[in-house]
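Position chain B against the provided structure of chain A, taking the given hints into account.
Chains as they are written, first to last, in the UniProt record's numbering: chain A, 1 to 397; chain B, 1 to 248.
Simulated from the structure, these hints should not be mistaken for lab results. C-beta atoms are modelled at their ideal positions from N, C-alpha and C, and glycine is treated no differently. Check the hints yourself; a few may be wrong.
[As the list claims (entries may be wrong)] With the Cβ distance kept under 7 angstroms, some of the chain B side facing chain A (calculated, not the full set):
(1) Tyr28
(2) Ala65
(3) Leu70
(4) Asp71
(5) Thr91
(6) Ala94
(7) Arg97
(8) Ala98
(9) Phe103
(10) Phe109
(11) Gly113
(12) Gly123
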Amino acid sequence: MSSPRRRTRLRPTDLLRLGMIGPRTRKTRSALSAFGICLGIAAVIAVTGISASNQAHLLARLDQLGSNLITVSPGKDAQQQLVPLPSTAEKMLARVAPVQQVTATGATKAEIYRNDLVPKQQTGGLSVLAARLNLLDVLHATVRSGRWLDKAAENLPVTVLGDQAAQRLGVTAPGERVWLGGQPYVVRGILAPNDLAPELGTAALVGWPQARAQLGADDSAATVYLRTHPERVPDVQAVAGATANPVSPSMVAVSRPSDLLVARGEAKGALTGLVLSLAAVALLVGGVGIANTMVVGVMERRGEIGLRRALGARGGQIAVQFLLEAVLMGFIGGIGGLVLGSLAVYGYALVQGWPVSVPFYTIVAGPSVSVLVAAVAGIYPALRAAGASPTDALRSA
Amino acid sequence: MTAPQAGEPPSTRELPPVLELTGVTKEYPGSPPLRILHGIDLTVDAGELLAVVGPSGSGKSTLLALLGSLDRPTSGRLRFEGRDLSHLADTELAAVRAHRIGFVFQQFFLLSGLSTVENVATGLLYSGVPAARRREAAVEALREVGLGHRLRHRPDQLSGGEKQRVAIARALVGRPALLLADEPTGALDSNSGAAVVDLLRALNDSGTTVVVITHDRDLAASFPRRVGIHDGRVDFDERRPHLAGDVR
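So here's chain A without its partners, still in its complex pose:
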């Protein structure tokens, strides 16, 4: 037999086996405790994953739409009245060096209705705009059905409707007729929604020559869209107002629509913070659940504690055994939460048509945090188990 004074260390495999004794012999209770922490982790994974998937979706859209689009439109004067852009604005803006493409829409005096029986005041909030032929090209927009305007069509009584305009008018397919500017127009196409120019969703677009001839449009642009060199966007933004309207630059509204998209994404991020703090509370409650299970376990297992001390276990080894039980419960809960949360993200993203994105840091942090919470929760019960006098433990068992 080896020297009786030699301290012995438990091997990692022995420790693992010891740690599994509690969860193995009290399966239901351990599973329920782990489930508490599992829900907390699942909530964290789901919230961050859904937020990340949304962000990924947004970035994919931005990649597709391009973040180098600048919109120049009429600003407001001191009386809050819109000040139209000068007729030279479109041409002047096209001359700014980093501007690569220019297009515009122009105002008309016409209204659009489903047919001539609809009362005049029921405009449905729709506008009729004159459009340059390169509008879709510059905006990276597409038609959902039908066709866009071309050289021939821009002189004809045909229109392309924004997606919401088509919906409000009850137009389901190209080829239908609408009542526009006091005469029937054929719907040539319906646009797909475009995040960078949402105002086109409620518009009926007509070729510029036709609008000028029949609908009271002039040559001046209502809104000018610019595609610039991607790295020169701020520079163009800075000079766009003065270029469009040199007399009163402050009466021009210059915006970068992609900034709005990003801001919207960030606003959703702020909500994520709130939900995350709720998830943290859920984790805390899960930790308390584990602590409770462990404290009860220590009380019930006084006999085992006394026996192990009699067999030569040191107080520290008893503490490690119970701490490990808590940590294992936390780990199992963390892995469960990871699976549950990822499934939630996958399901939500699938329904929304987003790309699935679960941030890597949450995959690592989820189980780590649950282990940490469980370890903290297990400290008190473990110390209690370690501090029990062997004789008291054996006597009271």
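Only chain B this time, still in chain A's reference frame:
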């Protein structure tokens, strides 16, 4: 208190006593403090088989805790195999228990989630023995106590007598110098109890010092030495060497 007896095996005579208690007292704090043991003097030589007998509340279990280094005396000196335990740190006392002392309890204290062989192997867990070797030794110990056919059974599948034999196997698996049994037959019927005592006797024959704590005077009377405890004091210390080899 005792001198080596004539007729004892010469090999044990040269060894220091397994246990040597001199003026050992044990008090528990309170006002006034509760004194359980009053100046106990007791020597247990290697290879002895003795019963510590006394009524309930006489201090037997407290004495067992001190003999097994589970607790420390309030005053007095306690030597184990010649070494004063009162100066050892807790971790060193734990090492003494792990390597040199085996325990058998009335309640068995088998771990319900483990098989018989795993329960017995637990007896070596804190001695630094590798898992495979622990298992081999556990199987061997279970065969020694006649339970070689019950290796994979769970405690709740065993009878009371079998449980206590498993507990004895767990105590002897580390080949301890001293085996302490606290009311080992207390929870058993007479037949199972007799089998357990036979087992303890066989262990003693193979050289292990066995101290049995019991309130059962008949059981104690069948041992070659019995030490009576009453109100925390040694009441009597009788030796009847002719009973050696004739326990039950």
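Checklist line | Unsatisfied constraints (hint numbers, rising) | finding: 1
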